[in-house]
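Numbering (my numbering), first residue to last: 1 to 553.
I should point out that these hints are in silico values taken from the structure, not numbers from a laboratory. Keep in mind that a hint or two might mislead.
Lysine-lysine pairs mimicking PhoX-like chemistry, simulated, CA-CA at most 25 Å apart [what the hints assert, rightly or not]:
| hint | residue 1 | residue 2 |
| --- | --- | --- |
| 1 | Lys264 | Lys16 |
| 2 | Lys357 | Lys245 |
| 3 | Lys187 | Lys16 |
| 4 | Lys362 | Lys308 |
| 5 | Lys497 | Lys540 |
| 6 | Lys453 | Lys437 |
| 7 | Lys284 | Lys319 |
| 8 | Lys324 | Lys308 |
| 9 | Lys279 | Lys362 |
| 10 | Lys308 | Lys285 |
Derived DEER-like restraints, expressed as beta-carbon distance ranges [said to hold, decoys possible]:
| hint | residue 1 | residue 2 | range |
| --- | --- | --- | --- |
| 11 | Asp37 | Asp70 | 25 to 33 Å |
| 12 | Val22 | Glu361 | 40 to 48 Å |
| 13 | Thr216 | Glu363 | 22 to 30 Å |
| 14 | Lys357 | Tyr464 | 31 to 39 Å |
| 15 | Leu67 | Ile239 | 48 to 56 Å |
Note that this is a predicted model, so its numbers are computed, not measured. Every residue gets a Cβ at the ideal spot worked out from N, C-alpha and C, and that includes glycine.
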Amino acid sequence: MDNQRILKEAQIIASKYSFWMVSGDINHLYGYVYKTDEIKYELEIKFSSNFPHSPPELIFHEKIRNLLGDIQLNTLFNWDENQKVVNIIDELKMKIQERLVSPQEIPDTKEQNDYITPDMDMYSSDFETDQYVTPTLTDNDFYFDNEDKIEKNNPNIEMAEENNNLPKNIITSPEELFVDSDSDSLKINTELGLIQQEYAFDHQGDEIADIVIYMTITLTKTFLININFSNYPNKPTIILPNEIKSIFGDINQTLTALRNWEKKNPLHIIDIIHELEKKLSSVKKIETEVNTITQEYQFEKVYGSLSKIQVKLLTYGFKEYFLKMDLETFPKLPIIELTQELRDLIRKPLNELESIKNWVEKESESISILREVSWLIDKHSRINFEIDLLREHYKNINYDILSNTIYVDMKGKMKSEDLTFEFKIELPKDYPMMMPKIIVVNEFDIESHEKIKNDLNASFKDFYNDWTPNHYLVDLFNMISKKIFEVSVVSCVICHKIECPECNVRIAGAEGDSCHIECPYCERSYHKHCWTQTIKSFGKCGFCLKTPPPSFY
1 MDNQRILKEA QIIASKYSFW MVSGDINHLY GYVYKTDEIK YELEIKFSSN FPHSPPELIF
61 HEKIRNLLGD IQLNTLFNWD ENQKVVNIID ELKMKIQERL VSPQEIPDTK EQNDYITPDM
121 DMYSSDFETD QYVTPTLTDN DFYFDNEDKI EKNNPNIEMA EENNNLPKNI ITSPEELFVD
181 SDSDSLKINT ELGLIQQEYA FDHQGDEIAD IVIYMTITLT KTFLININFS NYPNKPTIIL
241 PNEIKSIFGD INQTLTALRN WEKKNPLHII DIIHELEKKL SSVKKIETEV NTITQEYQFE
301 KVYGSLSKIQ VKLLTYGFKE YFLKMDLETF PKLPIIELTQ ELRDLIRKPL NELESIKNWV
361 EKESESISIL REVSWLIDKH SRINFEIDLL REHYKNINYD ILSNTIYVDM KGKMKSEDLT
421 FEFKIELPKD YPMMMPKIIV VNEFDIESHE KIKNDLNASF KDFYNDWTPN HYLVDLFNMI
481 SKKIFEVSVV SCVICHKIEC PECNVRIAGA EGDSCHIECP YCERSYHKHC WTQTIKSFGK
541 CGFCLKTPPP SFY
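Generate the whole structure from the sequences, applying the supplied hints.
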């Protein structure tokens, strides 16, 4: 169905005949083909879905059927898509006029006439002269203007003038849609008819063209749009709901149909509604995406936008990070906004994310980007969190961001010497889902050192066997620290034992898990309880015989 063609046909018909839309439906017209003082000849016109390839359906009311009987119209029979519907009505009107002005047939009757002899005295004599003299005719009385001749000989115009049925300006082409001030109501009714075919609306106030349209975008999103086009073809007034108003701003500038409005060549109101709906159609897709996101992440809608959300990402240590995602372009790639802190944390440009590089329009989901960003946040936050824990226990720790490697130094006290154990922890790309790789950097060059190395490697294997992503590096290093001191022969310089005789805690172990103190001068190891007892009794170190400072008492 060509709605624009139907609209123009209706405009042409209504400019020449009294026709209206039925219930605001532009596809169903009703009106008068011809009117006399006593009778109106009514006709309905229905446009099918095949118009203009097939002619419209004509519904002849009783007065026309009674007058014409079997109605045969050449314009209807020989219809082609280049014809005008008004030509069919013209032919029908002609047939009505011809039937009305044709002489009545004299009935053929054989009634017997009664003859009566007339009274001759009742009539004047043939020889009597008229009382008044007929004036002489001039030549002008026998001449008619050509224009008058044409008008007198044209029954269409004559009858139209007689019945005041022909407007001053007849539309001669589909482009001439409006002809005079009387057609303003026709324009408005036409616009209402076009709107009614696609949208539900209610009238508001006293003006028929002041309406509220129900624009349903999703199952949960219906917007009430107030449009007043009472002054059409002047630019209509549109009032939007607040949530849409904040998005569109000045709608007279946002919508192309309003921005380029021309009174002399106005668009239909339905065109404005279509543009508005198209801009809002993305809301349905956005809502679907948001429903998917809300199953895994918390978010808030950004004020003044139907498409932008702020997503909260919770990571280790209950630290929160926020990113903004704008879904206005969806199903195309959404727009992601990261803070500088977040950029530094994930250590990867957005365009290098796998979810963005492999984005496929109409297939990929926005939540895949959030998952990857969240994973990077968790990964690097976990590493930072673990390094902070390690630094609370071990001071000599270095982290190489580029190689994702941690270096840790621990000192072990042996009977004959001090030994520093250097560890290199290589974190895999998918840490903590995959185990870290632990390497002892020290080069042990004597047999006793080699035994320590072998014992440590055996401990690492045990750790690997028990590894889960829930294990932390600090647990690993605590275990390593204990292993180091277990294999190192360190005893108290006073009691010569590893375990304290008072508390039964080893002199060497993980920091915070040992009974240990060193002389500030000779750096010999004591159990704390043995040191305290020695200072109380002797006041000096039992090995170097020096008096310690007051803080060691």
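Status of the hints after comparison with the structure:
Of the supplied pair hints, the one linking Lys264 and Lys16 holds, its CA atoms being roughly 21 Å apart against a limit of 25 Å. Pair hint Lys357 plus Lys245 does not hold up; C-alpha atoms about 35 Å apart against a cutoff of 25 Å. Straight-line distance between C-alpha atoms of Lys187 and Lys16 comes to about 15 Å, which keeps the hinted pair within the 25 Å bound. The hinted pair formed by Lys362 and Lys308 meets the criterion: a straight-line CA distance of about 19 Å does not exceed 25 Å.
With a CA separation close to 20 Å, the supplied pair Lys497 and Lys540 stays within the 25 Å bound. Distance restraint check for Lys453 and Lys437: the Cα-Cα separation of roughly 16 Å lies within the 25 Å cut-off, and the hinted pair is therefore satisfied. Distance hint between Lys284 and Lys319 is unfulfilled; the C-alpha atoms sit about 33 Å from each other, more than 25 Å. About 7 Å separates the Cα atoms of Lys324 and Lys308, which keeps this hinted pair within 25 Å; it holds.
With a C-alpha separation of about 18 Å, the suggested pairing of Lys279 with Lys362 holds against the 25 Å cut-off. Note on Lys308 and Lys285: the hinted pairing holds, with a Cα-Cα distance of about 13 Å set against a maximum of 25 Å. A beta carbon spacing of about 27 Å between Asp37 and Asp70 agrees with the range 25 to 33 Å that was offered as a hint. For the pair Val22 and Glu361, the beta carbons lie near 45 Å from each other, so the given range of 40 to 48 Å is met.
For Thr216 and Glu363, the Cβ-Cβ distance of about 27 Å falls inside the hinted range of 22 to 30 Å, so the restraint holds. Here the CB-CB span from Lys357 to Tyr464 is close to 34 Å, well matched to the stated 31 to 39 Å. The hint said 48 to 56 Å for the Cβ distance between Leu67 and Ile239, and at roughly 51 Å that hint holds.
In this structure, the earlier hints numbered 2, 7 are contradicted, and the remaining ones agree with it.
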